[in-house]
Amino acid sequence: MHSVWIIGGAFVLFALWMHGVDWRWLAAGGAALLALAFNSIVSARNQAEKAWAGIEAMLTKRFDLIPNLVDAVQRYVEHESDLLREVTALRGAERGARAGVAEAAAADAQTERVLSRLVATAEAYPELKASESFRELQRALNEVEEQLSAARRAYNAAVQHYNDSLRMVPTGWIARLAGFEERPSYEAPALHEARPDVGERFRGARRP
Amino acid sequence: MRSEAELRAFVREDLAAHLEAWRGLRRFSPPGILDALGLVATVASCFAAQRVELAWLFAGWLVLRTLRDVMRVRSAFKQEVLSRLFEFALPGVDYRPGSHVGAEHVEASGLFPESWNRDSGEDYVHGRLGETDFWFSELRLVREGRKDRETLVFRGLFFIADFHKSFRGRTYLLPDVAERVLGVLGRSLQALPRFDGTDLVELEDPDFEKRFVCHSTDPVEARYVLSTSLVQRILRLAERASGPLRVSFVDECMYLALPLSRDLLPAAFLAGSASEEALLGSVRELFSVVGLVEELGLNTRIWSKGPKPAPTPA
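Chains as they are written, first to last, in this note's numbering: chain A, 1 to 208; chain B, 209 to 522.
To be clear, the hints were calculated from the coordinates, so they are not data collected in a lab. Just so you know, even glycine gets a beta-carbon here, dropped at the ideal spot from N, CA and C. There's no promise every hint is true.
Stated by the list, open to error - Here are the computed distance ranges between Cβ atoms for each label pair:
no. : chain 1 : residue 1 : chain 2 : residue 2 : range
1   : B       : Ser496    : A       : Ala89     : 49 to 57 Å
2   : A       : Leu36     : B       : Asn507    : 44 to 52 Å
3   : A       : Leu83     : B       : Glu295    : 48 to 56 Å
4   : B       : Arg326    : A       : Gly100    : 51 to 59 Å
5   : A       : Gly8      : B       : Gly451    : 31 to 39 Å
6   : B       : Gly300    : A       : Ser185    : 44 to 52 Å
7   : B       : Ser211    : A       : Ala57     : 46 to 54 Å
8   : A       : Thr88     : B       : Ser496    : 49 to 57 Å
Claimed, not checked - Partial list, computed: chain A residues near chain B (C-beta under 10 Å):
no. : residue
9   : Arg139
10  : Gln160
11  : Asn163
Claimed, not checked - Listed below are several chain A residues computed to face chain B (Cβ distance under 7 Å; list not exhaustive):
no. : residue
12  : Val4
13  : Glu146
14  : Gln147
15  : Ala150
16  : Ala151
17  : Arg153
18  : Ala154
19  : Ala157
20  : Pro184
All chains should be modelled from the sequences, with the hints used to inform the complete structure.
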C-alpha cells in the first residue's frame, strides 16, 4: 500500500524539479521517501513477526489442553492405550513447533490428526461424551482450533504483505540493499485432509 | 417455528374472532356532534354570508378525522392480529409494532459512520431461536442538514444477534466504496491509520474483498470472528440484498443493516390485505428474518460462551 504513496511522492518531486525547486528541498523530499519505504518494510516485517507470535501462543494454548484432555478421557478409554500414548506424546511435539515455520506446521498437523482421532473415539463411549469435564474441554478445544485457524490466516496475510513489499518497486530495491529476506508462509496441507469436524460431532451435545 | 398447516388452522380458528373485531373497526364511525355542527355551520355560511373559508376548514377536519381512523385501523391490525399470530408462529417472541431498536444500539453498532440525527422505525421483534437471542426492527435514519434539508441515511432492517463466539474487539464490514471508485488509490486510503483505533484487514476471499472493506481493532480476532464459512454466508446474503449490506461485530453481538425498499411488515387497512394468504405472507417474512440466525450459522454453539441480556427497544 505504501508503494502507491512513494510512487506518488516521486512524481511530485519530479514535478517540483521541473519547476526549478531548490535541489536541497528535493534531496530532503527524496530522503523522506526513502525513509517511508524503509519503514514500511520494517513495519510489514514486524506485523509478520507479531502474527507468528500469535500462532505460537495458540499452539502453546492447545498443547496446554492436552494433559487435561488425557486426564478426562483415560478413565473411560482404558482400552485405547495406543491412542492415549500418542496423545501424551504430543507434548513432545511442542518443542518441534518452536523450531521454525515448516516444523510448526508439521507438529500442528500431527496434533490435529491425533486430537481428531481422540474426538472420533469418544463417540464410541457414551459416558465419556456425557461427561461435563470432557464437554468443557471439547468446547475449549474448538475455541483454540478456531483461534489457531484465525492466527494462521493472519500470519499468511501478514507474510504475503511483507513478501509483496520485497518484490514491489521501489520498496523491493531498498529491501535488497538493506538485506531483508522473504518469510515462508504457513503451509499445512495435511491439515485440510484430516481436519476434524468437531462442530458436527458436537452438535448433539447441548450446553445444559 | 410452526408449520404452514398449523398456521392456517390458527388463522381460521383462533384468530377469526380477532380478525372479525378488526374488520368492525374498518366500518365508518357514525357522525358525531362536531361533524353535524360543522356541516350546519358550513352550509349556513355558504348560503347566508357567501363565505367559503368555513367549507375548507370543515373539509380539513374531515380529512384529519379519516386519517386518524385509518391509522387506528392499521395500528389495531398489528397490535391485535399480527402480534397474536407471531406469538403462535414463534412461541416466546416479543413483538412490539410501535417500537424499534434503540438509537444507542445503532450507535454502538458503528455501522453508520456518516452522521445521522433522527431515528424512527417500527416492528420491533425480540426472540430466541435455538440458543441464539435476536432482536430486529425496521429502522429509518435521517440526517437533518441546513435549511431543514433531510437526507435519508438508511431505511431497512436492523438486526442484532448474540454472536456464538466470545470476542473483545470491534470488527466492521462496510460497503467498499473507496476501492470501487478510486481503485488502488482507494485501497491505499483505506489502509491509512484511522481515528477509531481500527486497521484495515484484508481477507482471503476476492469476491468478499470486492464487496466489503473490513476494519478491525485486532486482525487475528477479525479472522476468528469471520471464519471462512461465515464469510461465504455473508457473501451469499449480500448477493441477495437489494442494497449494500453492513455488518459489525461489537460487544459479542452481530449487527446487520439490510436496506429495504418496502415495509418489512406492511400494516393492513383493506380487507384483502388481511386475508389468510396475506397473514401467512407476514409470517413468512418474520421467518425469513429469524432464519438469518440459521443462515449465518449462529446456532452452532460449540464454543464456551454464555447468553447475553436483551437490549431495550426505543
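Hints, one by one, checked against the model:
Taken as a hint, the range 49 to 57 Å holds for the pair Ser496 (chain B) and Ala89 (chain A), whose Cβ atoms sit roughly 51 Å apart. In this structure the supplied range 44 to 52 Å holds for Leu36 (chain A) paired with Asn507 (chain B), their Cβ-Cβ distance being about 48 Å. In this structure the hint that Leu83 (chain A) and Glu295 (chain B) lie 48 to 56 Å apart at CB holds, the actual value being about 51 Å. At about 58 Å, the CB distance of Arg326 (chain B) to Gly100 (chain A) agrees with the hint of 51 to 59 Å.
With their beta carbons about 33 Å apart, Gly8 (chain A) and Gly451 (chain B) fall inside the hinted range of 31 to 39 Å. Take Gly300 (chain B) and Ser185 (chain A): their Cβ atoms lie about 48 Å apart, and the range 44 to 52 Å holds. Between Ser211 (chain B) and Ala57 (chain A), the C-beta spacing of about 49 Å keeps the proposed range 46 to 54 Å intact. About 50 Å separates the C-beta atoms of Thr88 (chain A) and Ser496 (chain B), a value consistent with the hinted range of 49 to 57 Å.
For Arg139 (chain A), the suggested interface contact is upheld, since its CB lies about 4 Å from the closest CB of chain B, less than 10 Å. Because the closest C-beta pair between Gln160 (chain A) and chain B is about 9 Å apart, less than 10 Å, the hint holds. A distance limit of 10 Å between C-beta atoms decides the matter here; for Asn163 (chain A) the minimum to chain B is near 14 Å, and the interface restraint is violated. Satisfaction of the interface hint for Val4 (chain A) is found here, the shortest Cβ-Cβ separation to chain B being roughly 4 Å, below the 7 Å cut-off.
Given the 7 Å rule on beta carbons, the hint for Glu146 (chain A) holds: about 6 Å separates it from the nearest Cβ of chain B. At about 5 Å, the closest approach between the beta carbon of Gln147 (chain A) and any beta carbon in chain B falls short of 7 Å, and the interface hint on this residue holds. Hint on Ala150 (chain A) holds. Least Cβ distance to chain B is approximately 4 Å, under the 7 Å limit. Given the 7 Å rule on beta carbons, the hint for Ala151 (chain A) holds: about 5 Å separates it from the nearest Cβ of chain B.
Annotation: interface hint on Arg153 (chain A) holds; nearest CB of chain B at approximately 5 Å, less than 7 Å. Interface hint status for Ala154 (chain A): upheld, as the beta-carbon distance to the closest one in chain B is roughly 4 Å, under 7 Å. Among the interface hints, the one on Ala157 (chain A) holds; its C-beta lies about 6 Å from the nearest C-beta in chain B, closer than the 7 Å criterion. Annotation: interface hint on Pro184 (chain A) violated; nearest CB of chain B at approximately 18 Å, more than 7 Å.
The structure is inconsistent with the numbered hints 11 and 20, although it conforms to all the rest.
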